[in-house]
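Number of protein chains: 4
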Amino acid sequence: MDSNASNARLEGVIPPLLTPLRDRDALDLEGLERLVEHTLGGGAKGLFILGTTGEGPSLSYRLRRELIRRVCAQAAGRAPVLVGITDTAFVESVELARFAADQGARAVVAAPPYYMPEGQPELREYLAHLIEQLPLPLILYNMPPLTKVPYAIDTVRWAIEQPKIIGIKDSSGDMTYFEQILLAAQARPDWSVLIGPEELLGAATLMGGGGGVSGGANIFPRLYAALYRAARTGDLERTRELQRRACLVGEKLYTIGRHPSALIKGLKCAAALMGICLDFMAEPFHRFRKPERERVRAALEEIKDLVQDV
Amino acid sequence: MDSNASNARLEGVIPPLLTPLRDRDALDLEGLERLVEHTLGGGAKGLFILGTTGEGPSLSYRLRRELIRRVCAQAAGRAPVLVGITDTAFVESVELARFAADQGARAVVAAPPYYMPEGQPELREYLAHLIEQLPLPLILYNMPPLTKVPYAIDTVRWAIEQPKIIGIKDSSGDMTYFEQILLAAQARPDWSVLIGPEELLGAATLMGGGGGVSGGANIFPRLYAALYRAARTGDLERTRELQRRACLVGEKLYTIGRHPSALIKGLKCAAALMGICLDFMAEPFHRFRKPERERVRAALEEIKDLVQDV
Amino acid sequence: MDSNASNARLEGVIPPLLTPLRDRDALDLEGLERLVEHTLGGGAKGLFILGTTGEGPSLSYRLRRELIRRVCAQAAGRAPVLVGITDTAFVESVELARFAADQGARAVVAAPPYYMPEGQPELREYLAHLIEQLPLPLILYNMPPLTKVPYAIDTVRWAIEQPKIIGIKDSSGDMTYFEQILLAAQARPDWSVLIGPEELLGAATLMGGGGGVSGGANIFPRLYAALYRAARTGDLERTRELQRRACLVGEKLYTIGRHPSALIKGLKCAAALMGICLDFMAEPFHRFRKPERERVRAALEEIKDLVQDV
Amino acid sequence: MDSNASNARLEGVIPPLLTPLRDRDALDLEGLERLVEHTLGGGAKGLFILGTTGEGPSLSYRLRRELIRRVCAQAAGRAPVLVGITDTAFVESVELARFAADQGARAVVAAPPYYMPEGQPELREYLAHLIEQLPLPLILYNMPPLTKVPYAIDTVRWAIEQPKIIGIKDSSGDMTYFEQILLAAQARPDWSVLIGPEELLGAATLMGGGGGVSGGANIFPRLYAALYRAARTGDLERTRELQRRACLVGEKLYTIGRHPSALIKGLKCAAALMGICLDFMAEPFHRFRKPERERVRAALEEIKDLVQDV
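Chains as they are written, first to last, in numbering that gives the first Met the number 0: chain A, 0 to 309; chain B, 0 to 309; chain C, 0 to 309; chain D, 0 to 309.
It cannot be assumed that every hint is accurate.
Repeated chains share a single entry, so a pair holds when one copy, or any two copies, can fit it.
Capping the alpha-carbon separation at 30 Å, the derived lysine-lysine pairs in DSSO-like fashion look like this [said to hold, decoys possible]:
1) LYS147 x LYS251
2) LYS303 x LYS147
3) LYS251 x LYS163
4) LYS303 x LYS251
5) LYS303 x LYS289
6) LYS163 x LYS303
7) LYS289 x LYS251
8) LYS147 x LYS289
Honestly, the hints are just simulated from the structure, not real lab data.
Using the sequences and the hints given, assemble the complete structure.
As structure tokens, this is what we get:
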């Protein structure tokens with residue numbers, strides 16, 4: 000199956016790409032190149048840029064465009080690029096989508112506008128207006144802890160009826176909701192139902208999910224790709240074993256520091272320690288300082304065996 | 000494996016028993032008898048009384064004792080009875096546990112005290128004091144939407160080291176947390192890791208969970224027992240198919256009426272329409288009125304085929 | 000105005016009485032006696048027992064009854080006693096209310112049942128059933144951070160039309176809601192609109208509120224009584240000055256320790272250090288250990304001048 | 000006192016200006032001009048543009064700049080203009096601030112970055128970086144229901160020590176927090192402590208607050224200006240009476256429709272019915288349809304007498 004063909008269902012592990020930075024408004028170009036190769040070489044079936052893990056909303060529009068341009072160019076012909084266009088301003092989302100289309104992106108990804116507390120009927124109307132203007136197919140991004148407003152299940156059912164909407168990435172962690180989507184999406188074989196949290200990749204795929212947007216795949220793409228394949232082929236024992244490993248990776252790596260941003264910081268710091276890219280972060284975050292960095296280094300040592308030979 | 004033996008791990012489907020009432024402070028005795036036979040006859044591997052579905056916290060202590068006495072007597076020698084002792088007052092929990100032990104219950108079940116906002120260190124101390132006084136093993140009941148305070152994963156890890164604590168029922172709906180518990184409980188083969196939401200019974204069991212406390216098993220015990228068995232034996236196709244049915248049951252039956260109590264009310268009303276027991280509810284809930292009752296009747300008709308031949 | 004007369008509106012500062020304990024299920028009798036004298040002698044216009052500050056839900060029913068009996072006896076003829084009957088079980092609330100009536104209490108106080116997630120229509124029905132059975136007038140207790148379910152403003156408007164409901168204690172901290180109640184309660188001059196958080200006693204009284212259920216009045220009753228009087232008589236400068244002091248007391252005394260229980264623990268520890276009563280706490284809380292106790296001692300020294308000469 | 004002088008403390012009623020639109024990305028120019036005259040003529044002491052009520056985050060950057068330019072030009076020499084620069088991207092906030100400075104704005108206003116869940120230490124660092132780059136003084140905007148992250152009181156205390164930060168607009172509705180700020184701000188006589196919710200304007204001003212950013216002042220500026228003056232001069236009876244009116248305005252006008260956006264929609268619809276400006280709204284909101292519009296018309300009729308003769 001050629002997952003890059005424009006009519007193929009997106010599936011497999013699609014990392015939410017970190018955005019390597021060397022300053023608040025400057026890309027770490029070498030790091031970005033290495034990161035793209037590292038993930039694609041490790042079995043990633045696509046790249047999702049400008050998501051939460053990619054610090055999308057924290058970046059200037061200028062830098063977002065530069066990132067889109069570079070990743071699309073580098074991945075061209077090898078893997079589909081999905082571009083986050085989530086924004087509180089409709090007009091800015093549309094402009095970014097047009098730019099992404101021009102650069103060869105495969106689809107755009109949008110969470111609900113995340114400042115105003117819109118109701119679900121307004122959210123449906125927003126989506127209806129948005130897909131009218133979009134030059135690319137749309138994937139929904141459900142992330143209620145950050146957007147406050149979820150894509151409620153009825154809104155997802157409506158979306159499944161819109162040809163231009165081709166899937167969802169669910170980062171809610173709510174597997175009941177995920178099961179409800181699987182049930183509803185039976186009507187659209189081309190619809191991608193992707194799970195966010197990597198602790199759920201095994202269960203989600205066993206139950207029929209199409210893949211995962213796993214943050215950990217930035218650094219250990221083989222582990223998540225293997226976990227996905229095991230679950231996809233119904234190898235229960237191996238699924239449990241690889242999921243156990245993925246959970247341990249998270250326990251060690253995403254729990255350093257006091258702030259809710261521990262996951263993104265842990266990933267970016269680990270990527271830096273592994274020589275992939277710099278760990279500079281855009282405000283409002285900052286990279287780990289020395290003590291946390293040492294804890295990440297120790298965690299990487301501890302999990303070394305878990306992420307090999309997969 | 001004799002799941003009633005006092006040293007066997009609790010597993011399989013254990014319904015959180017509805018409490019049939021004929022008045023605010025009076026049991027529906029015939030209904031209760033029928034309900035116990037209906038669930039045990041349908042494959043339930045135990046009975047959990049005085050939980051949320053059983054309206055435990057809404058019942059007088061006198062009635063709670065009467066319920067314990069009757070269910071223990073009826074189930075004696077056939078299935079283990081687990082008794083909810085969740086309370087805001089430590090002394091009342093202990094007294095109820097003693098009564099339950101005298102009546103032959105197998106274990107008691109406790110959620111965190113749910114009025115005061117205790118921290119996790121206090122919660123661990125609470126558990127330490129509690130198990131000192133308990134004449135029976137304890138199963139944790141994680142239900143943060145109602146108790147506000149969760150059993151945080153570190154508290155569960157501590158609990159896994161306490162011989163007197165023998166399992167957890169997780170109703171959080173958070174599968175990442177559930178996976179973390181599975182990982183930690185590998186150290187205790189006698190520990191029961193049970194899932195609350197029936198939409199997750201398939202996924203939880205596939206990943207290694209020990210069973211479910213499925214509300215729907217009050218009325219359709221065979222469906223949930225079959226789903227559990229399919230997942231337990233690794234029959235992926237049948238697991239997906241039966242989980243799909245279970246999700247549809249929930250979509251039809253637990254979404255009637257505007258209030259968050261829709262699940263309990265839907266179940267109790269359906270049980271009444273099926274001739275199992277009365278649908279009287281203790282304050283602060285009230286049974287469905289006529290229009291909702293008719294919608295439940297229609298839903299039962301719609302899902303009729305889903306719950307047969309399992 | 001004789002505020003003890005059964006038809007007078009309850010007003011002024013009414014402390015939510017700490018429950019002095021010498022063990023989990025035993026009152027500190029001498030401490031209780033001293034506490035009642037300390038508060039009444041300091042200007043308290045009534046006593047509210049078995050509230051949150053009194054750890055009501057954490058106490059056994061036996062102990063709750065003993066507390067009611069003793070406080071009613073000691074306060075008889077001097078100040079009205081309000082008894083918390085908040086419970087998840089309707090039958091237990093009613094029984095406690097009957098006992099309170101027999102002992103001479105002036106009114107009972109009830110928050111919404113705090114386990115089940117009832118809707119507002121159910122809550123109104125609950126109140127309607129409850130007042131039918133109550134031998135005493137009822138005061139609502141709005142405490143959404145602990146009960147999850149609030150008394151929504153429409154429910155309060157309904158309550159204002161019920162002769163048997165005579166007021167509300169609002170601990171939500173939401174002054175917009177408080178203003179809405181003041182507006183609605185203009186129709187019932189006998190209705191008491193009391194504010195919970197002591198940081199709001201000045202503003203609430205200036206805007207027309209009837210008094211406060213101020214936790215700090217357990218230890219510094221004169222400060223809160225003086226603040227209430229200043230605001231009641233429109234002395235703006237003195238209100239601001241005394242409110243400033245009350246805020247400083249809270250900043251110093253209620254912020255020790257990491258847990259959300261800091262307020263109750265700070266108060267009980269301070270009361271112990273002031274020689275009023277023991278600081279034993281019922282589960283799920285425990286009294287401050289040595290380091291926190293020393294910080295409370297230091298805080299008391301710091302605020303010494305603020306609470307004198309009022 | 001010349002409140003337009005660059006060193007004077009901002010105080011009084013400063014409306015959070017609606018943004019009159021004739022399309023998603025086009026200003027209603029005549030409406031905007033009328034609205035500015037209506038508010039300034041009604042006693043507004045400044046104009047706050049691009050806040051929540053102004054739908055700031057929903058507008059394109061191009062339109063935001065046009066709005067800044069026009070309002071600054073129209074208000075020049077008459078009233079200070081405060082410009083919302085709240086953004087998830089640091090670089091965009093700074094660029095907007097520079098533009099605002101060039102156009103003659105008096106200060107900029109920023110809520111915490113509202114997508115990422117930064118901790119308070121990160122938020123302080125963010126502010127430290129931001130004020131280094133800002134060409135204008137900064138006013139904090141505390142709006143936790145929409146930003147998720149609040150300016151915690153310790154962060155506000157830190158801000159009070161930064162000369163470049165000159166005040167806060169608190170829209171949390173948490174008067175305890177507001178009192179704590181008043182206490183802390185005694186050290187900075189030039190600091191403006193402004194209240195958001197208009198139901199709290201009376202209480203906040205009586206306790207020492209410096210004014211209000213009252214949405215209702217878009218349409219009834221005289222009412223809020225009069226309420227502020229009454230409270231500022233200590234006229235308790237008139238404060239209560241005018242606050243009562245302001246609360247009734249809110250009860251009638253901000254409770255139409257099912258969605259949490261009722262306040263902004265009610266205001267914009269009322270402004271349209273009063274002939275001030277169009278009621279077009281940017282996504283994700285839409286203007287009221289006919290039935291809600293008729294209810295707003297009826298509400299305006301009902302409250303007509305409340306907002307006159309002030």
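Okay, the hints, checked on the actual structure:
1. LYS147 x LYS251: For LYS147 and LYS251, both the intra-copy (28 Å) and inter-copy (27 Å) Cα distances are at most 30 Å.
2. LYS303 x LYS147: neither (36 Å within a copy, 36 Å between copies)
3. LYS251 x LYS163: The answer is between: 29 Å across copies meets 30 Å, while 40 Å in one copy does not.
4. LYS303 x LYS251: This pair counts as within: shortest intra-copy Cα distance 11 Å, inter-copy 47 Å.
5. LYS303 x LYS289: For LYS303 and LYS289, only the intra-copy Cα distance (21 Å) is at most 30 Å; the inter-copy one is 43 Å.
6. LYS163 x LYS303: Neither way: LYS163 and LYS303 sit 42 Å apart in one copy and 35 Å across, limit 30 Å.
7. LYS289 x LYS251: Classified as within; 17 Å inside a copy, 34 Å across copies.
8. LYS147 x LYS289: Intra 33 Å, inter 29 Å, cutoff 30 Å: inter-copy only.
In terms of the numbered hints stated before, the structure departs from hints 2 and 6, listed from lowest to highest.
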